[in-house]
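Protein sequences, first through last, are from chains Y, P, B and F.
Residue 380, in my numbering, is where the first sequence stops; the numbers in between run on with no holes.
Residue 380, in my numbering, is where the second sequence stops; the numbers in between run on with no holes.
Residue 174, in my numbering, is where the third sequence stops; the numbers in between run on with no holes.
Residue 174, in my numbering, is where the fourth sequence stops; the numbers in between run on with no holes.
These are calculated hints, taken from the structure and not from any lab test.
Note that CB positions come from ideal geometry on N, CA and C, so glycine has one too.
A few of these clues could be false.
With a straight-line Cα cutoff of 16 Å, these simulated EDC-like cross-link-like pairs (lysine to aspartate or glutamate) come out [unchecked claim]:
hint : chain 1 : residue 1 : chain 2 : residue 2
1    : P       : Lys271    : P       : Glu300
2    : P       : Lys69     : B       : Asp63
3    : P       : Lys89     : P       : Glu35
4    : Y       : Lys270    : Y       : Glu243
5    : Y       : Lys69     : F       : Asp63
6    : P       : Lys303    : P       : Glu243
To be clear about the criterion: a stretch of chain P counts as covered by chain Y if any three or more of its residues have a C-beta under 8 Å from a C-beta of chain Y, and this derived list gives those stretches [stated by the list, open to error]:
hint : region
7    : 52-62
8    : 357-363
The lines below spell out each chain.
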Amino acid sequence: MPLSKFAAGLLALGSALIPPSLYAALPTETVGQAELPFPPSPHRSYLIDFEFDNMVATRVVVVDPDRQKVLGMLSTGGAAPAVLAHDQKTVYTADIFFSRYVRGTRTDVLTAWDTRTLSPSWEVEIPAKRASTLTEKYALSMSGDDRFVYVYNFTPSQTITVVDTQARKVASEVNINGCILAYPIGDRRFASLCGSGDLQVTTLDDNGKVSDRTTSKFFDPEQEKLVERAIHLGDTFYFVTTEGVIHGVDFSGAKPRILPTWSLTTEQEKKDGWAPGGWQLMAIAPRLNRLYVLMHPDHERHKWEDPSTIIWAFDLKTHKKVGTLEAPNLIWSLNATNDDAPLLLGTNIEGGLETFDLKTGKHLHTMEGVSKTPTLILNH
Amino acid sequence: MPLSKFAAGLLALGSALIPPSLYAALPTETVGQAELPFPPSPHRSYLIDFEFDNMVATRVVVVDPDRQKVLGMLSTGGAAPAVLAHDQKTVYTADIFFSRYVRGTRTDVLTAWDTRTLSPSWEVEIPAKRASTLTEKYALSMSGDDRFVYVYNFTPSQTITVVDTQARKVASEVNINGCILAYPIGDRRFASLCGSGDLQVTTLDDNGKVSDRTTSKFFDPEQEKLVERAIHLGDTFYFVTTEGVIHGVDFSGAKPRILPTWSLTTEQEKKDGWAPGGWQLMAIAPRLNRLYVLMHPDHERHKWEDPSTIIWAFDLKTHKKVGTLEAPNLIWSLNATNDDAPLLLGTNIEGGLETFDLKTGKHLHTMEGVSKTPTLILNH
Amino acid sequence: MKFLDRFFERSSRHVASTTSRRNFLSKLGSLMVVGTAMPVLLPIDRTAKALAAESPSAGDPGDPNSCDYWRYCSVDGFLCSCCGGSVTSCPPGTEVSQVTWIGTCRNPADGLDYIISYNDCCGKHSCGQCACTRNDSEEPMYRPFNNNDINWCLGAKANVYNCTVAVIRGVATG
Amino acid sequence: MKFLDRFFERSSRHVASTTSRRNFLSKLGSLMVVGTAMPVLLPIDRTAKALAAESPSAGDPGDPNSCDYWRYCSVDGFLCSCCGGSVTSCPPGTEVSQVTWIGTCRNPADGLDYIISYNDCCGKHSCGQCACTRNDSEEPMYRPFNNNDINWCLGAKANVYNCTVAVIRGVATG
Numbered sequence: 001m002p003l004s005k006f007a008a009g010l011l012a013l014g015s016a017l018i019p020p021s022l023y024a025a026l027p028t029e030t031v032g033q034a035e036l037p038f039p040p041s042p043h044r045s046y047l048i049d050f051e052f053d054n055m056v057a058t059r060v061v062v063v064d065p066d067r068q069k070v071l072g073m074l075s076t077g078g079a080a081p082a083v084l085a086h087d088q089k090t091v092y093t094a095d096i097f098f099s100r101y102v103r104g105t106r107t108d109v110l111t112a113w114d115t116r117t118l119s120p121s122w123e124v125e126i127p128a129k130r131a132s133t134l135t136e137k138y139a140l141s142m143s144g145d146d147r148f149v150y151v152y153n154f155t156p157s158q159t160i161t162v163v164d165t166q167a168r169k170v171a172s173e174v175n176i177n178g179c180i181l182a183y184p185i186g187d188r189r190f191a192s193l194c195g196s197g198d199l200q201v202t203t204l205d206d207n208g209k210v211s212d213r214t215t216s217k218f219f220d221p222e223q224e225k226l227v228e229r230a231i232h233l234g235d236t237f238y239f240v241t242t243e244g245v246i247h248g249v250d251f252s253g254a255k256p257r258i259l260p261t262w263s264l265t266t267e268q269e270k271k272d273g274w275a276p277g278g279w280q281l282m283a284i285a286p287r288l289n290r291l292y293v294l295m296h297p298d299h300e301r302h303k304w305e306d307p308s309t310i311i312w313a314f315d316l317k318t319h320k321k322v323g324t325l326e327a328p329n330l331i332w333s334l335n336a337t338n339d340d341a342p343l344l345l346g347t348n349i350e351g352g353l354e355t356f357d358l359k360t361g362k363h364l365h366t367m368e369g370v371s372k373t374p375t376l377i378l379n380h
Numbered sequence: 001m002p003l004s005k006f007a008a009g010l011l012a013l014g015s016a017l018i019p020p021s022l023y024a025a026l027p028t029e030t031v032g033q034a035e036l037p038f039p040p041s042p043h044r045s046y047l048i049d050f051e052f053d054n055m056v057a058t059r060v061v062v063v064d065p066d067r068q069k070v071l072g073m074l075s076t077g078g079a080a081p082a083v084l085a086h087d088q089k090t091v092y093t094a095d096i097f098f099s100r101y102v103r104g105t106r107t108d109v110l111t112a113w114d115t116r117t118l119s120p121s122w123e124v125e126i127p128a129k130r131a132s133t134l135t136e137k138y139a140l141s142m143s144g145d146d147r148f149v150y151v152y153n154f155t156p157s158q159t160i161t162v163v164d165t166q167a168r169k170v171a172s173e174v175n176i177n178g179c180i181l182a183y184p185i186g187d188r189r190f191a192s193l194c195g196s197g198d199l200q201v202t203t204l205d206d207n208g209k210v211s212d213r214t215t216s217k218f219f220d221p222e223q224e225k226l227v228e229r230a231i232h233l234g235d236t237f238y239f240v241t242t243e244g245v246i247h248g249v250d251f252s253g254a255k256p257r258i259l260p261t262w263s264l265t266t267e268q269e270k271k272d273g274w275a276p277g278g279w280q281l282m283a284i285a286p287r288l289n290r291l292y293v294l295m296h297p298d299h300e301r302h303k304w305e306d307p308s309t310i311i312w313a314f315d316l317k318t319h320k321k322v323g324t325l326e327a328p329n330l331i332w333s334l335n336a337t338n339d340d341a342p343l344l345l346g347t348n349i350e351g352g353l354e355t356f357d358l359k360t361g362k363h364l365h366t367m368e369g370v371s372k373t374p375t376l377i378l379n380h
Numbered sequence: 001m002k003f004l005d006r007f008f009e010r011s012s013r014h015v016a017s018t019t020s021r022r023n024f025l026s027k028l029g030s031l032m033v034v035g036t037a038m039p040v041l042l043p044i045d046r047t048a049k050a051l052a053a054e055s056p057s058a059g060d061p062g063d064p065n066s067c068d069y070w071r072y073c074s075v076d077g078f079l080c081s082c083c084g085g086s087v088t089s090c091p092p093g094t095e096v097s098q099v100t101w102i103g104t105c106r107n108p109a110d111g112l113d114y115i116i117s118y119n120d121c122c123g124k125h126s127c128g129q130c131a132c133t134r135n136d137s138e139e140p141m142y143r144p145f146n147n148n149d150i151n152w153c154l155g156a157k158a159n160v161y162n163c164t165v166a167v168i169r170g171v172a173t174g
Numbered sequence: 001m002k003f004l005d006r007f008f009e010r011s012s013r014h015v016a017s018t019t020s021r022r023n024f025l026s027k028l029g030s031l032m033v034v035g036t037a038m039p040v041l042l043p044i045d046r047t048a049k050a051l052a053a054e055s056p057s058a059g060d061p062g063d064p065n066s067c068d069y070w071r072y073c074s075v076d077g078f079l080c081s082c083c084g085g086s087v088t089s090c091p092p093g094t095e096v097s098q099v100t101w102i103g104t105c106r107n108p109a110d111g112l113d114y115i116i117s118y119n120d121c122c123g124k125h126s127c128g129q130c131a132c133t134r135n136d137s138e139e140p141m142y143r144p145f146n147n148n149d150i151n152w153c154l155g156a157k158a159n160v161y162n163c164t165v166a167v168i169r170g171v172a173t174g
């Protein structure tokens, strides 16, 4: 198009503060649709946002912490927990919907989201019993081969809904009364933590029905409080007491093997008031074989869920403290990425995301205001 | 119960920092259920909260500005507009619900809420066409005798759904294409403001069906911009242009009577840059016969919806400016109460509520953080 | 008076965090007001006459609209007294959940430990006023009836959480 | 340079308001970046080849993640470029509304007035990032296709608003 035409149009508008350009006019455009690459970058992070000031229409915010960029979001129902399939293709959320948002007919569904398009691929209605709690890791989990999803129910009866992702239907509902959550083990087992201090292990058959169940003594709930928000590496799960003692369990064998306990703190550190605290207060970077724990310098018993700016790093083999990380803001929940150049991610209490480079231990940056009330971070 | 028993209990707990009390132990309690008085206090205020960061599960916050107390809330769907029945017994909201909150089947309903219990009394499904806009006053309105509710639809075809509150069903859908909103007149009429500059007046019969329709020239949209967010006193509606000229219409007769225009500003004030701006930028205190308008000292054309701290008061009979009110925070929407000791209420841009005593012109207080994104205030 | 210093410091931190509703800290800051608290679910004495406390008295001191109030020692959520209800009443149009969790709080006026039930009021979404979190007598989730991270509206028609009341259920006869 | 002073003052006010998501001001502050804008819906030249602008260039200057960017002269909502989309692309899993409203913005690079369509991306709820309101070419609601107070997701499967793109539809041929 001749430039003179645009100049004429410009003059016709009766305003020429800026002289006519030397560039050609910009072409017209169409609206596009963003998609995400597959496989996902190993640092891609999913922030589960509780939206505490709403809690009806809630979200998972998908973030690239390297580029400090929001990649998109999932809209979930009723502060849904989420879990990532091992094949990196699917995110599952266990949603609660009410026909009138806060009243009316309740419908619980397991929604399968495509990690490339962030659209629902399919959904299946599940028993309307999904636990409604501050989001935690093992309230929704899946089998190692991605075949079954485990949904923790609390009505206050305690059961696990087993969903068959291949048949896209509910396979069974497993009674775990007296116990909570589904810590996934291998392809066909999950453990639950019991108020008695026991570990209950449920084994499923290939139809998702219970084929075996064992109970093992784990800890004494009259003597210590074990935070149920554990972290795992393979089939080994690490729990921490409110005083900072690590209780490990290796589930890889036929029966759970309770590992020797060890303390995050020396006697002196304990005397100085150091103890763990936070929501998802532990993370593991598998390639570094390191454990990261949110720590308080001023411990009191009612602070076990309080946020902190201080993170201690431990070697999982030697159980030695190998470093301290410090964030500019109070962090409530941690997660680490699974790659060779891992990041440690923390949600701060203003809804922002703190990122550390775990090779250097350096705090890289804060992504401010990226969510509202983030309770949990998930990474592929 | 003998005091000794409690003292024994206390000792048994092994802690006696505080000496045993001289009071009797507090009795056990049961959980109660709050209700609101009827008739409502004339200052009771309903803040329509758009929840801009969510917009799915939204609310109306009910407040007593005298006691600076939240009285309760209504949970609404899809940033619902609301209207108060004249009998003070009912609040109506026009809700949009999706079966999966952000997707799935859409259901639009008119919900009738009891002003005493803040519970839904009944609902009726309406055509799934309700306009979704920043909440404004005449997007939902009702007949003077409370028989019919008018719901503004925009698909972008423009219609009004007429709901019969006696039969609790939809009476009709009235085509108003080219025009917007339902400014209610008397018991069986409503006006709509047209892009052509016309006023269209629709008359209903007792079944809620159109019985008559007239069109009158009102203003020249090529010459001036009339803010559609008018305010009324009886059957007289006041519109303001973005430059500050008031256009009044008296709808009490058979045909609309266009009143002589008048300016909010003197020539000098206009030169100094004064002009109105805001969302619900005008309010009327009927017992004082005064009009209140949010004003900017630094007008530019793109500021017509900007908030301000400054409110000018005008006598509706003489059109003289009779005072200036100033708030400590930027206000976006105004409303005044209808009683003899009226308050002027303003929603500030942090979600707080500013209250002025209109007898003294004094700013009384700010209720901070009472809502998230309040777009409108309603009073009985 | 190191104790009092800490008390007021924590109180003002609390005020700062809850007056800004958006401040997530309100969820997260714990407060210890006075005394200790017992985590164990103790037998409840239901013989005394039921009575709803609506305003502070010499025997029940403190401001029910403040997170510092002694009964709130283990609350986690929005205080119904700021939401149109009271310490013991649900706001208009909400439904009380009958299933609930139990904490133990010490009343500074009489030095007694009281069993407090933290009933959630349900059927409208988050009130958003007076967010308050104190975990004085909280236990991990494997003891659900001593845990406040659970939405206890599971006992109501719709498990949608609005706010929490703090109701005296008896004296801990420990 | 009174103009530039005001420009930067307004820009920094904008930054202050949008970095705090909760700050309602982000909805409310208007910004004038440069030039004037025409409110009238002008004929659209669709002959030029469609092309999506993803990054600033000499001919299309500015930061698409900033409310100051010239194309956003009449936007009202969340910027899709901060939400997983771009200036002209909807975020993953959202649907573009085909029905939309039109503004006119002047490109400071060439001094031309462009017709911009502000398409809303729909089917997920509010993105919440980069709230931006500028009413440079907005008209009252009786001219709906020049109004940004309407949720334009009315043209999508679900009228749930996520964010807004700003797409060049042609040059205003006055």
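Right, here's what the structure says about each hint:
1. P:Lys271 x P:Glu300: 12 Å, holds
2. P:Lys69 x B:Asp63: 14 Å, holds
3. P:Lys89 x P:Glu35: Answer holds: lysine 89 (chain P) to glutamate 35 (chain P) is near 13 Å, not above 16 Å.
4. Y:Lys270 x Y:Glu243: 8 Å, holds
5. Y:Lys69 x F:Asp63: Roughly 14 Å separates the two Cα atoms, so the pair holds.
6. P:Lys303 x P:Glu243: The given pair, whose Cα atoms are some 11 Å apart, holds under the 16 Å limit.
7. 52-62: holds (count 4)
8. 357-363: Per the Cβ count (0), the hint is violated.
In this structure, the one hint that does not hold is number 8.
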